[in-house]
Amino acid sequence: MPEPHDEVDTWLNVQVKPLLPPPDTFERVSGQARRRRLRRAVLSAASALAVAALAAVVIPRVAFPMQETGRHASAAHVSPTPAASPQHPTPVASSPSTIDASTARPLPATRSDPPPLSVTFVGTSTGWVMGPAGAARQCDRPAAPACMVLQRTDSANTSATSWRTVGAPPARGPSGPSGVSQVRFLNLSDGWAFGPELWATHDGGQTWARIDTGGLRVTALEAMGDRVYSVWARCTGKGPAFASHCTHFFVYSSSASSDAWSPIPVTSSGLNIPHVHSAASLVLTGTSVYLLLPGGHLFASTLTGASLPPLAPLGPVPAPCQPGPAQPSGQPSGALLAASGSDLALVCTGPQAGGGQRKTVYTSSQAGQAWHRTGTAPSPGTATSLAESSSGTLVLATSVGIQVSTDGGATWTAARGARPAGGFAYVGMTTATQGVAVPADPSRRAIWFTHDGGSTWTASRVGA
Amino acid sequence: MGKFRATDRAAAEELFNACYPRLAGWVRRLVDDDDTAHEIAAEAFTRLLARWSSLENPQSYLYMIATNLVRDHWRRTGRERRALRAVSAVSDGDPVFHPAQDVDVRALIQSLPDRLRQPFLLYHYAGFPIRDVAAMLGRPEGTVKADLHQARSRLRAALGESRA
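Chains as they are written, first to last, in our numbering: chain A, 1 to 464; chain B, 1001 to 1164.
With the rest of the complex left out, here is chain A:
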């Protein structure tokens, strides 16, 4: 048996096996670095302007009585330069200089611009957006032909994001038991369109196969590692409310590269829920899958490769709120769940009143076994989607804009940048700094990006 220190040496002396960078890594890295340099410069300049403005306001008030006394007649000529130098940069919460005024205008539509219903990214540069060709109402009709459009970008991390049309599943928009509304890709090959039907591609969208769900509707789907997980529910909702009036929920999983779906067993009385007006939410982290069910019951299982550990209830205490009715995306409207590692975040929404809504924020650092109220998000607007970046920043999409919290929900700051009328329906964080948001009104034919952790959002037109 070797000596202990030899074991350390053995580990240290193993030759490091180089890992070649994925394609375009340098371009992506240098683009992000450029944006960070620019942001620093903007903040410094804004700080200088703010201090200069402060000096312009304060100095005359100080100087005026001095001029009156005649003792310091030159006080009005105090040079603002020292005060204006950015020696003490301060964050500028709403500096106009950071607002992209051009995005406040409606973006011109072209015939190949799909109104975005859903967006998915597999990295900072590559993503897909899915929407109906033409007017959504026409594509949602039960007798409509296949009319969904899928577009892909490989330049989302640049200032000139371009899109090209790729193969979409031959489906129409969501209507009762048929159609699709959401898209997710795990990598450049494996992707799924769902809500309520389920379609899969394993060649980047060149071909799609419809998955037989036995009449169940797919209301949520997430993929991570080499597996995909989804919620299949027995629902009777009609029209675009495909995820409403659901009574039974099941979690199915498959290897990402195949279509071998099987249910994940449940270690309690099951997922048969009497709350017929409530939806379910599915969240994946690096090592676990969380399922929030009507009644506020949270289940979890581990992501362990090929095996499928059962979903187990997380402690006796339910989450502090219930998911509530489904939104058009299929996601709950009453409880917005997000996760970063084992730190869960939950925004519980109250009834809408006077254009606002109570939004109470809870967090759990114990994987949902105990919840702590950490604060409230600003009341204006209706909360629609919650994301937590890998650095723990909470990003909340509402019907009036986006709010950001870097302290677990205790305090919130309104994101800068132009906001679409009607706000946002979805927000997701691809990395700690980059994220994407889908407007509530898809007819704007644009999605919004952030490259600074959610603080600033700018519109990017979709369409080939």
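To be clear, the hints were calculated from the coordinates, so they are not data collected in a lab.
Where hints are given, some of them may not hold.
[To be verified] The calculated EDC-like cross-link candidates involving lysine to aspartate or glutamate, where the alpha carbons are at most 16 Å apart (straight line), are:
id : chain 1 : residue 1 : chain 2 : residue 2
1  : A       : Lys17     : B       : Asp1034
2  : A       : Lys17     : B       : Asp1033
3  : A       : Lys238    : A       : Asp154
[To be verified] Computed Cβ-Cβ distance ranges for the label pairs, DEER-style:
id : chain 1 : residue 1 : chain 2 : residue 2 : range
4  : B       : Asn1068   : A       : Leu38     : 19 to 25 Å
5  : B       : Arg1071   : A       : Gln206    : 53 to 59 Å
6  : A       : Val166    : B       : Asn1017   : 46 to 52 Å
7  : A       : Ser159    : B       : Asp1032   : 30 to 36 Å
8  : B       : Arg1075   : A       : Gly356    : 22 to 28 Å
9  : B       : Glu1013   : A       : Thr247    : 43 to 49 Å
10 : A       : Arg164    : B       : Arg1131   : 23 to 29 Å
11 : B       : Asn1017   : A       : Ser391    : 26 to 32 Å
12 : B       : Arg1071   : A       : Arg358    : 34 to 40 Å
13 : A       : Leu188    : B       : Asn1017   : 48 to 54 Å
14 : A       : Ala353    : B       : Asp1104   : 52 to 58 Å
15 : A       : Leu12     : B       : Glu1141   : 34 to 40 Å
16 : A       : Ser391    : B       : His1149   : 50 to 56 Å
Glycine is no exception: its CB is placed at the ideal position from the N, C-alpha and C atoms.
We have chain A already, so just place chain B on it with the hints.
Structure of chain B alone, referenced to chain A:
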């Protein structure tokens, strides 16, 4: 903001091509998968390029940043594993999660306090001389030597305990 001239870009690309594979490979031995290694290596380069003009020793900065990012990653996954271990404890009888019990050198390095782990990784694993490690960490060389000695002693003791 320092300007990023074409010559800077060429130099940065040259450094990237020369250092990325080894840095990513270095990180890979400290994390569980290639994707995380690439994510950390790319983030380290992003931070490097964002401060390109103000750095005297970019390679040291790269490894210093990567060390901190690996530490952050360990903290996140550590919290998650601990929480899920607790989950498995409350769901009695359910074969939900049984974390591996084997002790390996990486886990022991991970368990070292920051004060000892940083110099250990930078000196023993990344191969920087003590003088550079001291400069990176802002500590006297003597302190770094003492920290390295203490780190080795702790690892040796921990390995001994793991066999006991």
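Checked hints:
1. At most 16 Å may separate the alpha-carbon atoms for a hinted pair to count; lysine 17 of chain A and aspartate 1034 of chain B meet this at roughly 11 Å.
2. Distance restraint check for lysine 17 of chain A and aspartate 1033 of chain B: the Cα-Cα separation of roughly 13 Å lies within the 16 Å cut-off, and the hinted pair is therefore satisfied.
3. A hinted pair counts as satisfied when its Cα atoms are at most 16 Å apart, and lysine 238 of chain A with aspartate 154 of chain A does not qualify at roughly 36 Å.
4. For the pair asparagine 1068 of chain B and leucine 38 of chain A, the supplied restraint of 19 to 25 Å holds, since their beta-carbon distance comes to about 24 Å.
5. Separated by about 42 Å at the C-beta atoms, arginine 1071 of chain B and glutamine 206 of chain A break the suggested range of 53 to 59 Å.
6. Our hint of 46 to 52 Å for valine 166 of chain A and asparagine 1017 of chain B is violated, since their Cβ atoms are close to 31 Å apart.
7. Distance hint check: the CB atoms of serine 159 of chain A and aspartate 1032 of chain B are about 34 Å apart, consistent with the given range 30 to 36 Å.
8. Between arginine 1075 of chain B and glycine 356 of chain A, the C-beta spacing of about 37 Å breaks the proposed range 22 to 28 Å.
9. Remark: the range hint 43 to 49 Å for glutamate 1013 of chain B to threonine 247 of chain A is contradicted by a beta-carbon distance near 58 Å.
10. The given range of 23 to 29 Å is broken by arginine 164 of chain A and arginine 1131 of chain B, whose C-beta atoms sit roughly 53 Å from each other.
11. Checked against the given bound of 26 to 32 Å, the beta carbons of asparagine 1017 of chain B and serine 391 of chain A, roughly 28 Å apart, stay inside it.
12. For arginine 1071 of chain B and arginine 358 of chain A, the Cβ-Cβ distance of about 38 Å falls inside the hinted range of 34 to 40 Å, so the restraint holds.
13. Distance hint for leucine 188 of chain A and asparagine 1017 of chain B: a CB-CB separation of about 23 Å, inconsistent with the stated range 48 to 54 Å.
14. For alanine 353 of chain A paired with aspartate 1104 of chain B, a C-beta distance near 56 Å keeps the hint of 52 to 58 Å intact.
15. For leucine 12 of chain A and glutamate 1141 of chain B, the hinted distance range of 34 to 40 Å is not satisfied, since their beta carbons lie about 21 Å from each other.
16. Range check, serine 391 of chain A to histidine 1149 of chain B: about 34 Å between beta-carbon atoms, so the 50 to 56 Å window is missed.
The structure fails to meet hints 3, 5, 6, 8, 9, 10, 13, 15, 16 from the earlier list, while all remaining hints are met.
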